[in-house]
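**Student:** For reference, the chains in residue letters:
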Amino acid sequence: MNNPPFPQWTAQNTDARFALPGAFAARSSKFERTIRRRNWFEYGAGALVIAGFASVAWLTASVATPIMTAAFIAAILGVAVLMFNLSRVGSNLERRPEQDCRTHLKAQIRHQHEALRSVSKWYLAPLVPGLALIHIARAYEASMRIGWVEAVIDVTPSAVFAAGVLLAVRWLNLRAADKLEAEIRELDQLA
Amino acid sequence: MSKQQDTLYAEAGIKFAPAIARLAHAMERLPDQAAELEQDIHLELWRSFARFAGQCSLSTWVYRVAHNVAADHVGRQKRGMKTIPIDQIESLPARNDTERGFAESHAMDRVRHLLRSLPAVDAQVILLWLEGQSGSEISEITGLGSSAVSVRIHRAKAVIAGAFNPETQEGPDHE
Numbered sequence: 001m002n003n004p005p006f007p008q009w010t011a012q013n014t015d016a017r018f019a020l021p022g023a024f025a026a027r028s029s030k031f032e033r034t035i036r037r038r039n040w041f042e043y044g045a046g047a048l049v050i051a052g053f054a055s056v057a058w059l060t061a062s063v064a065t066p067i068m069t070a071a072f073i074a075a076i077l078g079v080a081v082l083m084f085n086l087s088r089v090g091s092n093l094e095r096r097p098e099q100d101c102r103t104h105l106k107a108q109i110r111h112q113h114e115a116l117r118s119v120s121k122w123y124l125a126p127l128v129p130g131l132a133l134i135h136i137a138r139a140y141e142a143s144m145r146i147g148w149v150e151a152v153i154d155v156t157p158s159a160v161f162a163a164g165v166l167l168a169v170r171w172l173n174l175r176a177a178d179k180l181e182a183e184i185r186e187l188d189q190l191a
Numbered sequence: 001m002s003k004q005q006d007t008l009y010a011e012a013g014i015k016f017a018p019a020i021a022r023l024a025h026a027m028e029r030l031p032d033q034a035a036e037l038e039q040d041i042h043l044e045l046w047r048s049f050a051r052f053a054g055q056c057s058l059s060t061w062v063y064r065v066a067h068n069v070a071a072d073h074v075g076r077q078k079r080g081m082k083t084i085p086i087d088q089i090e091s092l093p094a095r096n097d098t099e100r101g102f103a104e105s106h107a108m109d110r111v112r113h114l115l116r117s118l119p120a121v122d123a124q125v126i127l128l129w130l131e132g133q134s135g136s137e138i139s140e141i142t143g144l145g146s147s148a149v150s151v152r153i154h155r156a157k158a159v160i161a162g163a164f165n166p167e168t169q170e171g172p173d174h175e
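Taken in order, these protein sequences are the chains called A and B.
108 is the number that this note's numbering gives to position 108 of the first sequence; each next residue is one higher, with no gaps.
2 is the number that this note's numbering gives to position 2 of the second sequence; each next residue is one higher, with no gaps.
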């Protein structure tokens, strides 16, 4: 340091000063505020889904078959596991901004890449038992009225739709992970 | 808060506060966002000095923290927009209408506009070069190899020099 190529650039903001450390006591960075807001949003959404399933399970407990009640309980447990996984996998890396910029950026991208690549395991899998049981329970209840063949035909469209949504979420996440992998390769080439 | 943390923060403030203000205003277009980024960098620097044990020079440490915090700050917006690598840019972008309200020089506006449209690593190298850091210092701060840094500085010179000094298309050699 220091021989600026264009003094006009370094002639700007020459009167800037650091904030006094006392101002930091109650302050969190934008990054931290964003993470906190995202966590509140995700836990709020999870709580709403759990409350929804719980209330339906409660209201239909007296008329639904045991398998349907079990399906709702499985769905509630699935969402609870998903929330737990979100806090574990979706949490941020320990902040070490003093790393060199390439390492810092690569660590962030690698963290996101691993979360996206394993989305089937930690995000989608907990939802599968509940969704599957709900469809089985629907078919079982319908079979008592219209027989098994008609019942299976009846639930097939929604089962295919649910499976399609899960597969689409998986595909989108894997595609995003591939893009991040390409970014990591590009960063490696810059070393 | 340790005494060393306080001392380092005060020393960094004397030496680098203007450079950090320029970084913040280059990376964030809106004044309130730039001010927020500047504060975030001060906060993270102050926190980081608790971990400083002479692993590198104070300058390297400060620039690393500042650029990483800035990259995180603008990262969300940058991920949603298409950036153009410096090696694909022929000249500085024209200042757009939304920036006309700012009472700043045309050249500065165009350079800041360029920096905001670049991928993070390109913008980091060019900003450090504008601050007068040498090629080896930029390598140490960014973690990029010397050839990757040289290529970016060479391109930055070709693109930016004319805006600062229309009579000479090349800035001073500074690698």
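No lab work stands behind these hints: they were computed from the structure.
On a predicted model such as this, the values are computed, not experimentally measured, just so you know.
Idealized CB from N, CA, C, for every residue including glycine.
Treat the hints with caution; some may be incorrect.
[Claimed, not checked] Quick list of the computed label-pair ranges, beta carbon to beta carbon:
no.	chain 1	residue 1	chain 2	residue 2	range
1	A	Gln8	B	Glu36	21 to 29 Å
2	B	Ser150	A	Gly164	44 to 52 Å
3	B	Ser57	A	His111	34 to 42 Å
4	A	Glu181	B	Arg47	26 to 34 Å
[Claimed, not checked] Straight-line distance between alpha carbons at most 25 Å, and here's what the computed DMTMM-like set of lysine to aspartate or glutamate pairs gives:
no.	chain 1	residue 1	chain 2	residue 2
5	A	Lys179	B	Asp32
6	A	Lys30	B	Glu36
7	B	Lys3	A	Glu98
8	B	Lys15	B	Asp32
[To be verified] Selected chain A positions facing chain B (in silico; Cβ < 8 Å):
no.	residue
9	Arg17
10	Phe18
11	Pro21
**Student:** Is A/Lys179 within 25 Å of B/Asp32, Cα to Cα?
**Tutor:** violated (32 Å)
**Student:** Hinted pair, alpha-carbon criterion (25 Å max): B/Lys15, B/Asp32. Please report holds or violated.
**Tutor:** It holds: about 24 Å lies between the C-alpha atoms, which stays within 25 Å.
**Student:** Was the hint right that A/Phe18 lines chain B, CB cutoff 8 Å?
**Tutor:** holds (3 Å)
**Student:** Is it true that B/Ser150 and A/Gly164 lie within 44 to 52 Å of each other by Cβ?
**Tutor:** holds (50 Å)
**Student:** Minimum Cβ distance from A/Arg17 to chain B below 8 Å?
**Tutor:** Status holds, d = 5 Å.
**Student:** CA of B/Lys3 to CA of A/Glu98, is that 25 Å or under?
**Tutor:** holds (20 Å)
**Student:** Just to be careful: measuring from the Cβ of A/Pro21 to every Cβ in chain B, is the smallest value less than 8 Å?
**Tutor:** holds (6 Å)
**Student:** Holds or violated: 34 to 42 Å for the Cβ distance of B/Ser57 and A/His111?
**Tutor:** With a Cβ separation near 28 Å, B/Ser57 and A/His111 fall outside 34 to 42 Å, so the hint is violated.
**Student:** Hint says 26 to 34 Å; check whether the CB-CB distance for A/Glu181 and B/Arg47 agrees.
**Tutor:** At roughly 31 Å between Cβ atoms, B/Arg47 and A/Glu181 fall inside 26 to 34 Å, so the hint holds.
**Student:** Look at the Cβ atoms of A/Gln8 and B/Glu36 and judge whether their distance stays inside 21 to 29 Å.
**Tutor:** holds (26 Å)
**Student:** Sort out whether B/Glu36 lies within 25 Å of A/Lys30, counting only the CA atoms.
**Tutor:** holds (8 Å)
Checked against the numbered hints above, the structure breaks hints 3, 5 and satisfies the rest.
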